[in-house]
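Q: Given next are the chains, with one letter for each unit.
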Amino acid sequence: NAGVTQTPKFQVLKTGQSMTLQCAQDMNHEYMSWYRQDPGMGLRLIHYSVGAGITDQGEVPNGYNVSRSTTEDFPLRLLSAAPSQTSVYFCASSPDGGGVGNQPQHFGDGTRLSIL
Amino acid sequence: TQLLEQSPQFLSIQEGENLTVYCNSSSVFSSLQWYRQEPGEGPVLLVTVVTGGEVKKLKRLTFQFGDARKDSSLHITAAQPGDTGLYLCAGGYNFNKFYFGSGTKLNVKP
Chain A
1 NAGVTQTPKF
11 QVLKTGQSMT
21 LQCAQDMNHE
31 YMSWYRQDPG
41 MGLRLIHYSV
51 GAGITDQGEV
61 PNGYNVSRST
71 TEDFPLRLLS
81 AAPSQTSVYF
91 CASSPDGGGV
101 GNQPQHFGDG
111 TRLSIL
Chain B
1 TQLLEQSPQF
11 LSIQEGENLT
21 VYCNSSSVFS
31 SLQWYRQEPG
41 EGPVLLVTVV
51 TGGEVKKLKR
61 LTFQFGDARK
71 DSSLHITAAQ
81 PGDTGLYLCA
91 GGYNFNKFYF
101 GSGTKLNVKP
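Line by line, the protein sequences give chains A and B. Going by the working numbering, the residue at position 38 of the first sequence is 38; the numbering climbs one at a time, nothing skipped. Going by the working numbering, the residue at position 8 of the second sequence is 8; the numbering climbs one at a time, nothing skipped.
Chain B on its own, in the form it takes in the complex (with noise of 0.2 Å):
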């Protein structure tokens, strides 16, 4: 059983549309992660929120923390080609551990 549930797990667009992908958990993080990979490589951060209801945008992305700190959602809009990939979330927990979620994995047709 993972300690945080990601979904959806597979997501196909088209070029322009919006998307949100959820981060759920019923533990409590003090912190959130939002990483980006591409095939062959390893996650790369996109953001961290800390703040229970902190919105954080970065141009087209908006991500949210929950009040309680137990989820998190990514908001794409008008998503493009380059924003392919696997999205993954990432709860910091019991100060020295990092729990990641299974993954979306996002692919944004022309």
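For reference, chain A alone in the conformation it holds in the complex (with noise of 0.2 Å):
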């Protein structure tokens, strides 16, 4: 059961570099959402989609593009890579959204980014 698969595991980056953080899931969940996680600041949602061809932004969406094109995939990009974006990245998959249904969310194991 592969579940939300991330990768790369683990990339750097030089400022002004950009690239493509891959998730996909093999759940056929219609939610999914991208997290950064930082020291002493938990989670917090960049960018996510409720459905094949929807997103919308979260707290900390600057800096970071998506796009759903299938209900597998959601890839996040990084336009031009900034020393502020090293983090660890999560992506989440859930049936549905945080009001409705209340289901868990299903995380990957992260890709840990370093802006140089």
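Treat the hints loosely; a few may be bogus.
Straight-line Cα separation of at most 27 Å, DSSO-like style, residue types lysine-lysine; simulated pairs [claimed, not checked]:
1) B:K70 - B:K56
2) B:K105 - A:K9
3) B:K56 - B:K105
4) A:K9 - B:K97
5) B:K97 - B:K56
6) B:K109 - B:K57
Just so you know, these hints were derived from the structure itself, not from any lab.
Dock chain one against chain two, each of which comes alone in its own frame, and use the hints as you go.
A: Written as structure tokens, this is what we have:
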């Protein structure tokens, strides 16, 4: 059972570079989301999607883009990496969003990203 | 400013002691979830509470949702080293967003 798969697990970038963090789930979940986790800050929502073709911003969306062309995949793009984006990034999926059905979110194991 | 405030931030106790972790907000949540996270892994759900005043028990863990659905607590009885980890609360808000607290890092010493 794969669940939520994130790639890569580790990445080092230089300031100004762009890259895409991949996230795939095999549970046919409609809701997917991206978080970043920084020391002492918990997880902060970057972007989320309630289904294919639908995305919306979370708490900290600046500097990131997302798209949802299929139910399974929800990639996160860093357009021009900055040192402030050094963090651990988690992708999660759920049958539905936070207020409907109260379903648990299933998390991947994270991507550790360093921006030099 | 975080929507959900957790306290304490850090807790180091001896095996066998009891502890309580708090999750507070000025906002009303449709649901409140507690997760546990171990180093190098994503958070894993422990429990979801939905109704104000609800109490749920999971072996030695007791979860409570405040009457006004703005706060929650996690109580662990007779803590064990295997309980060590980062405990996170998350509020379901505005139907499509989860907001996480900053976490409580628990260390249970043998």
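Q: Compare the structure with each hint and give your call.
A: Going down the list of hints, with the structure as the test:
1. B:K70 - B:K56: Holds. B:K70 to B:K56 sits at ~17 Å (cutoff 27 Å).
2. B:K105 - A:K9: holds, 23 Å
3. B:K56 - B:K105: Judged against 27 Å, a Cα distance of about 22 Å means the pair holds.
4. A:K9 - B:K97: Measuring from Cα to Cα gives roughly 25 Å; hence the hint holds.
5. B:K97 - B:K56: This hinted pair holds, its Cα atoms lying about 23 Å apart.
6. B:K109 - B:K57: Distance ~23 Å between B:K109 and B:K57 Cα, so the pair holds.
Consistency with the previously given hints is maintained throughout, with no hint failing.
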